[in-house]
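Peer 1: Make the full structure from the sequences, and use the hints.
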Amino acid sequence: MRLYTAARAPNPRRVDMFLAEKGVRDIERVLVDLNAGEHKQDGFLARNPLARVPVLELDDGRFLAESRAICSYLETLYPEPNLMGRDGEERAFIEMADRQIELYLFAGIANCIRHTHPGLAALEQPQFPEYGAAQGRKFREVARWLDGHLAAHPYAAGERFTIADITAYCAIEFARLIKFRPGNEGMVNLQAWRDRIAQRPGASV
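Note that the working numbering gives residue 164 to position 162 of the sequence shown, counting from 1, and the numbers run on in steps of one.
Check each hint, because a few of them may be wrong.
Keeping only pairs whose Cα atoms sit at most 25 Å apart, straight-line, the calculated DMTMM-like set for lysine to aspartate or glutamate is [to be verified]:
1. Lys42 <-> Glu126
2. Lys181 <-> Asp89
3. Lys140 <-> Asp61
4. Lys140 <-> Glu187
5. Lys42 <-> Glu59
6. Lys24 <-> Glu68
7. Lys140 <-> Glu91
8. Lys140 <-> Glu92
9. Lys24 <-> Glu187
10. Lys181 <-> Glu91
11. Lys42 <-> Glu82
12. Lys24 <-> Glu175
Bear in mind the hints are in silico, worked out from the structure with no lab data behind them.
From a predicted model like this one, the values you see are computed outputs, not experimental measurements.
Peer 2: Following this line, the structure appears as structure tokens:
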């Protein structure tokens, strides 16, 4: 297998962190230079016509895109440590938490950064600063909800570390680009969780 990824991009980091937590190190990685526009060149578009990373090239030559789909596939190949649920009920609740974080926290942070950060202007044309600012307010609402959840539970999906924590951690770390620190905005539980996850081996990728 071969993983097409990109440095400092949050969605590729989700897959990298997932693999690190699994202890998988033997998948070939190909870095795609987003700033140089490599993701929009014909060679990459043949792998993913939507011009997004990451993409996992399977041994049979097919290409699998989208971080969550890639992680689901990898979970079947490397089932331990389990990160997505051991039975139907647990899988459903973990997926619920992961999707809530992806759709409302991660996406809000990404939209805020894409439309307000000058460093991403080349990748997001046109930028809509007012939309980005609105997304900044919305993702903070979701972050406060997650802060409240973490007051009662040690992890994003409940009582153990799962893919939902990976998605949330990559989102919060990406938000550092706009100087978002949960603790500075009164979200002490989210900050404590972030600091705890940062000590895990997978967080260093």
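Peer 1: Each hint needs a verdict: does it hold in this structure or not?
Peer 2: Structure-based check of each hint:
Of the supplied pair hints, the one linking Lys42 and Glu126 holds, its CA atoms being roughly 13 Å apart against a limit of 25 Å. Pair hint Lys181 plus Asp89 does not hold up; C-alpha atoms about 39 Å apart against a cutoff of 25 Å. Only pairs whose Cα atoms come within 25 Å are accepted, and Lys140 paired with Asp61 is rejected, the gap being roughly 41 Å. Proximity of Lys140 to Glu187 is assessed by CA-CA distance (about 14 Å); at most 25 Å being required, the pair is judged to hold.
For the hint pairing Lys42 with Glu59, the CA-to-CA distance comes to about 17 Å; that is within 25 Å, so the pair holds. With a C-alpha separation of about 19 Å, the suggested pairing of Lys24 with Glu68 holds against the 25 Å cut-off. As the CA atoms of Lys140 and Glu91 are separated by approximately 30 Å, the hinted pair breaks the 25 Å bound. Taken as a hint, the Lys140 and Glu92 pair is broken in the structure, with Cα atoms around 28 Å apart against an allowance of 25 Å.
Note on Lys24 and Glu187: the hinted pairing is violated, with a Cα-Cα distance of about 33 Å set against a maximum of 25 Å. A C-alpha spacing of about 37 Å is found between Lys181 and Glu91, which places the hinted pair above 25 Å, so the restraint is violated. Under the criterion of a C-alpha separation no larger than 25 Å, the hint pairing Lys42 with Glu82 is inconsistent with the structure, at around 35 Å. Proximity of Lys24 to Glu175 is assessed by CA-CA distance (about 20 Å); at most 25 Å being required, the pair is judged to hold.
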